[in-house]
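Chains A and B supply the protein sequences, listed in that same order. One point on numbering: in the working numbering, the residue at position 66 of the first sequence is 85, and numbering is uninterrupted. One point on numbering: in the working numbering, the residue at position 28 of the second sequence is 35, and numbering is uninterrupted.
The hints are simulated quantities; they were obtained by calculation from the structure and are not laboratory data. Predicted, not measured: the structure shown is a model, and the values here were computed from it. Glycine included, each C-beta is placed from N, C-alpha and C at the ideal position. Watch out, some of these pointers could steer you wrong.
Straight-line Cα separation of at most 27 Å, DSS-like style, residue types lysine-lysine; simulated pairs [to be verified]:
no.	chain 1	residue 1	chain 2	residue 2
1	B	Lys90	A	Lys127
2	B	Lys49	A	Lys162
3	A	Lys127	A	Lys162
4	B	Lys15	B	Lys49
5	B	Lys15	A	Lys162
Among the chain B residues that face chain A by a calculated CB cut under 10 Å, a handful are [stated by the list, open to error]:
no.	residue
6	Asp12
7	Leu17
8	Val35
9	Ser63
10	Ala88
Which chain A residues stay away from chain B? Per the calculated CB distances, all over 10 Å, these [what the hints assert, rightly or not]:
no.	residue
11	Val36
12	Pro50
13	Val164
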Amino acid sequence: MKEHRNWFLWAGFLVAVAGFASYFLFFARFPSTRDIPWLNLLFFLVAALLLIVGLRRAFARESSYRGRVSGPILAVLSTAILMFFCFGVFVESRELPPSTDAPRVGQKAPPFSLPDTSGREESLSELLSSPIADGSPAGHTPKGVLLVFYRGYW
Amino acid sequence: MDAPDVTKSLCQRRGYTYTFLSDPNAEVIRRYDVLHPGAGMKGHDIARPAEFLVDSSGTVRWVNLTNDFRVRARPEQMIQAVKALQ
Chain A
20 MKEHRNWFLW AGFLVAVAGF ASYFLFFARF PSTRDIPWLN LLFFLVAALL LIVGLRRAFA
80 RESSYRGRVS GPILAVLSTA ILMFFCFGVF VESRELPPST DAPRVGQKAP PFSLPDTSGR
140 EESLSELLSS PIADGSPAGH TPKGVLLVFY RGYW
Chain B
8 MDAPDVTKSL CQRRGYTYTF LSDPNAEVIR RYDVLHPGAG MKGHDIARPA EFLVDSSGTV
68 RWVNLTNDFR VRARPEQMIQ AVKALQ
């Protein structure tokens, strides 16, 4: 009996790979899909369904589908990819130092003086007191400064 | 952590007009206790994502220290904190 190619298995595996890769390559750019990776988890759900259908076809008693060896292998690989993904987005990304000495609300912000993009030193007190150019003759002094520690990386 | 010339080309490429300072030795990062040792590319020290709103008297009024480095303050959150300063 000629056995049919079991494309469900391969589709499931490819969707799992796409679920992993597309997060880091694309969906992580948008907070709505990055903060809670619901879209990529959906990819894995679809992958699981495809693999389940594929495995059932391969192992059905009078099966005419291939995949009794490739099926379990692809399923294990896909599971490993999912676990890798979950580790990255639910465990590793929370591994942060305690930062117990970071300034809290009500404390004085530690002073600093650092160079800007043109190499000019700017201090916190300068930033807080230098008038903002807003068209009026003297400008107006800032109500505050928002300090963003820009971590340009994962 | 990047040097001023690196951040300058980033700002030019992206059109950022706000003040962008460089802390290549992580001095201020350490002063604010937001150092994340070894977490950067090739094991370099970098900062954990953090935002501090300081009012005109130099007092901290809002802190955002995320517990997940994928989840950072969104612009709307920062703008809301700034508005609450009035």
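Consistency of the hints with the structure:
1. Pair hint Lys90/B plus Lys127/A holds up; C-alpha atoms about 20 Å apart against a cutoff of 27 Å.
2. As the CA atoms of Lys49/B and Lys162/A are separated by approximately 39 Å, the hinted pair breaks the 27 Å bound.
3. Distance check on the hinted pair: Lys127/A and Lys162/A sit about 15 Å apart at the alpha-carbon level, within 27 Å; holds.
4. For the hint linking Lys15/B to Lys49/B, the alpha-carbon distance of about 23 Å falls within 27 Å, and the restraint holds.
5. For the hint pairing Lys15/B with Lys162/A, the CA-to-CA distance comes to about 26 Å; that is within 27 Å, so the pair holds.
6. A distance limit of 10 Å between C-beta atoms decides the matter here; for Asp12/B the minimum to chain A is near 8 Å, and the interface restraint holds.
7. For Leu17/B, the shortest C-beta to C-beta distance to chain A is roughly 8 Å, which falls under 10 Å, so the interface hint holds.
8. Residue-level restraint check for Val35/B holds (minimum Cβ-Cβ distance to chain A is 4 Å; threshold 10 Å).
9. Restraint check, Ser63/B versus chain A: the minimum CB separation of about 6 Å is within 10 Å; hint holds.
10. With a least beta-carbon distance of about 8 Å to chain A, the hint placing Ala88/B at the interface is held under the 10 Å criterion.
11. Here Val36/A stays apart from chain B, with its beta-carbon at least about 21 Å from theirs, past the 10 Å limit.
12. Look at Pro50/A: its CB is around 6 Å from the nearest CB on chain B, not clear of 10 Å, so calling it non-interface is violated.
13. At roughly 5 Å, the least C-beta separation between Val164/A and chain B is not larger than 10 Å, which violates its mark as non-interface.
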